[in-house]
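The chain contents come next:
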Amino acid sequence: MGYLVIDKVCKSFGKQQVLANCSLSIPRGTVLTLLGPSGCGKTTLLRSIAGFVEPDAGSIMIDGKDISQLAPNQRQVGYVFQNYALFPHLSVADNVAYGLRVRRRPADEIARRLAQALDLVDLGALGARFPAQLSGGQQQRVAIARALVLEPSVLLLDEPFNALDAQLRLTMQIELRKLIARVGITSIFVTHDQLEAMTLSDNVAVMGTGAIQQFGPPLEIYDRPRSSYVANFIGRANLIPGRCEKGFFTGPQPVPTAVADGEATLVVRPENLTIGTGAGPGWVGKIGFATPIGPTVEYEIDCGWTEPLRAVVPRQFGWGTIPAQTAVRVSISDPQAAVVLAGSRSHGH
Amino acid sequence: MATDAVPLPTARGRWLNPLTSSGFAPVLPAVAYLVLFMVLPIGTLLLFGFVNIERGRIVSDSFTLQPMMSALNDPLVWRLMWRSFWVAVVSTVCTLVLAYPVAYVYGEVRGIWRTLLLVAIVSPLLTSALVRAYAWLVILGGRRGIVNQALMSMGIVDEPLRLLNTDLAVLIGMTQIHLPFMILPLLAVLSARDRRLEEASLNLGASRVGTFFRVTVPMSMPAIIAGLALVFAVSYTNFIVPQLLGGGSYSTLAVQVYEQTIVVLDWTRGAVLATLLLGTCFAMVFLIVGLGARITRWNEVSR
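Taken in sequence, the protein lines are chains A and B. Using this note's numbering, the first residue of the first sequence is number 1, and each one after it goes up by one. Using this note's numbering, the first residue of the second sequence is number 1, and each one after it goes up by one.
Chain B with its partners taken away, still in its complex shape (with noise of 0.2 Å):
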């Protein structure tokens, strides 16, 4: 082979060298921006939960766990973290079933439709989420929403449906906001994806909805963990559609970390909160990466 005369990269060289696989140093000016704007900052806000503070001055040197036992104390707590992950999950995986019909369809057309598809999957990330959370409102809001006075018109109901303030307003907001994030991994995979693998299925009697499934899906694995490690993460922390679409009573614990830190201004609870949101959606990421790796495993021997 004409790669025995190529030189085995030293230990150093190895390190540096941005072409092989262990190379660190392409990720260093990444990981250094991050760990000094992201890490560090997240880092010192989450410290006001575990240290004492006095007349607006924290207490040098000391260390507490008390804010963090009373909030694990406190049945609110986890009833608004079981929301939030319910409500993640669920979102999650409506996003998940919404997004792979599109990604599929624009693995199939080709030209003019492919680049109009494209625009109407990632035009939505133009307009902040803030602004489509307000849209929603609009459209599901009371008598006057747009969802009412249609099925109203149409003579479907008599009485407005109380869209607004519910899970269901909750669940349609983020599904829809974080479509985009869902649908993109997998139509990277799907539209690269090799179709001799399909038509091999079909060859051997497989009809098309089993190729789907028993090909198809399982091909595209890495895409959909991806997408579900990503939307459920975006969608757990998200407290601007709860906020808006959920109204004033609503809460998850990411709406608490907001209000406990700008609104009541306790940045101790704000901290300690954010310690348990950020945790818990940390555990659930890795579970989701993980399992997917198990799933994937014909992935790993390939390398």
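Okay, chain A solo, but in the shape it has when bound (with noise of 0.2 Å):
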């Protein structure tokens, strides 16, 4: 069912083992994002899929075919790179044209597709320009369009968002998202803001010291998490450290689960907290610190515990926040939205 398979890769650089034993595998036509903090190996995985990096074990398939012993030239691959490393002595349109050229296709050939390239990304009036006097987006589609024009079986983007501004990054990732679409190609992004990750893809897959950690659509991932890692890196999460008896996770509110017996961490989204002064089950606090953020308001209540439980509760016009010091009770509004784990947390702040 993977249209682009990676099976057990490793690579290590010297003695840092950068890729160990990861394994992925994306259905065609799907967007993925590849999330994780710098230095977690994503960027070395789409190397390995481009062939800029041999990975020391593992294989690579796209569409049933073992592209891992192939040279980069010859994998079909479309990349594009952090900074676009777009061939600054080019033209814009001497860019895009650039592989149909290597290739050696008609010149009637590489005139109708380089039309439809530069079309595609909205650049057909700035072809004859240079890089160095287009903006980043401008610089951005160039890139797109570059890889696109040969239509690779897979497109490949490393960070493509990282040189852009707050602003301009925001739209471009709305354009981009409506633009592989219209393509229809399978896309792996490499990111490590979480934001980006729910906004592109179809898949998440959230790595950790070189293999990954869950696979899965964004909002299972962030409802779902497997690892205190996850629910860190993907949105915030109150870890709280408690045991596991007879099936429930123990407590003011007990949470059935089937994690066995024993040391267990408790998972809850912030959103999914609820405070109130009255009688009831839930942790007993103090609200310490009050963020009003807007459409909602972010309180941290200390229960006694190393760290405050985070809460984001919903506003509306008028209402103020609830003042520092007040007694309050923090309760778990839905229990399906809790999440137990195994085992004391091992990551987090």
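Source of the hints: derived by calculation from the structure; they are not laboratory data.
Derived contacts from chain A toward chain B, CB cut-off under 8 Å, selection only:
(1) Ala50
(2) Phe52
(3) Pro72
(4) Asn73
(5) Tyr79
(6) Phe81
(7) Ala85
(8) Pro88
(9) His89
(10) Tyr98
(11) Gly99
(12) Val102
(13) Arg146
(14) Leu150
Over 10 Å on every C-beta distance to chain A, these chain B residues come out as not near it, computed from the model:
(15) Val59
(16) Leu116
(17) Pro180
(18) Val234
Beta carbons are placed, not taken as given, at the ideal position from N, Cα and C, and that holds for glycine.
Since each chain sits alone in its own frame, please combine them into the complex, following the hints.
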């Protein structure tokens, strides 16, 4: 079922192992984001797919064919570099036509496909410019056109929005998502920005220590993180240490779980906590710090643990914030929204 | 943008401000030094070709084009200039062909190899060109020369080849002596180049050789131009190598300047020939740099 299949790929640079049995399978026509902190191996994995890095072990297959032994120039894989790596000595049109020219396509075919590709990214009028005369967003579009004109089997994009300022970044993310949907190409983005991952992709693969920690649709990963590492990397999470006994995470609000008895961690997203003052089940604490965002207010609630609980509460016109030091009771709005992980937490703040 | 807060420099401020590109102030010491100790003395020497000299004294307020005219009407001068020119062009091209791979390899190796390579490239500059020209005399010279001894002992030739006192000897010597001037600018650009451009080229389907000629070489064009201009200028005006390796009957324009000035003591003739040498050399350097600027037009827009 996987169109692009990465099977147990390993890579070390000297003594440092960057990829450790990294496996991944991506359905045809879907967009995947490789998400992880810098140094987690995500760029190395992308470069392995393109053939710039030769894995020590494992295989990479596209549409059932093993490409891991092919040279980079025989892989038919589109690559958009972090700073686009446009050829500064060639015009926009020559940059985009580069791949067609080195393949010695007939002149009329080059002209036709070049025009199509420039139109696709809306750069038809700028063909004669040099890369240095373009804005960051335009350069990005040239890089994408240069890759897509060759109709590659997959499109790889290494932190493509890093070089853009925040305002333009959002616009280009939406534009790029639309463009990829129109072309229907299997794509992999690399990013360390979890919002970007949520915006862009059908699936997210969270990477850590050289392997995929969790793979799935963005909201599934957000709602059901399989480790505290993933919970902390995608969105923010309260990690509450505790114990499991007889199928429940013990506490003021027992949470049913399949996790075996012993030490455990409860993961709750801040928006799944409610703050009350009346009686009932929940953790008792004092309001520490309130951050009014606008549509929501974020509270830090001191429950006597090393880390305060964080709760995000919706807000409407005229509502104020709860004053500091107010004694409150924090409860989970829906026990389904909490995730129990075995063991005490090993990551996080 | 934060730069809005910076007051715009006044005309005077701009001229003196070393941080703006139009600031001329930083080059003043070098320009003053060169004008005083190079341009003026050379100008004075060249002037000898355009004045009347009687009994060792310059006739005041005299100006004459007669020595220049007689030089321009002398076919020997044209023959010498042509030889200077083609020897310089051939040796400059040879230098480029030999230098490029060395500079490229320098960009690929790391650590101790890089240091060793740099020392090997620069060390010839530590001995004077005169010494190196004499060394070639020993290597290429007659029956006892190293090259001929080797060829004869291997049985490749029976009689010693006539290497010394030929164009070939001059070309070999010049190319070797001027090699560092070509390698150094190339090496600076090639070792600092953006390798992602080459990866991009491979990714787009180009072969390694294709990538080299389509990306690496064009990107190093500014250094190639600099090296060509530099090496052409020093080759065209070099008189030691043609004199030593070309032999007594071999001459170029630069050798003639030397002989007229030092041996014949005809300073007028020497000055006129030097004017021709310098003028044509400048013209050629401007041509190389001008053509280079056209080729590397993309470099202009990136400022």
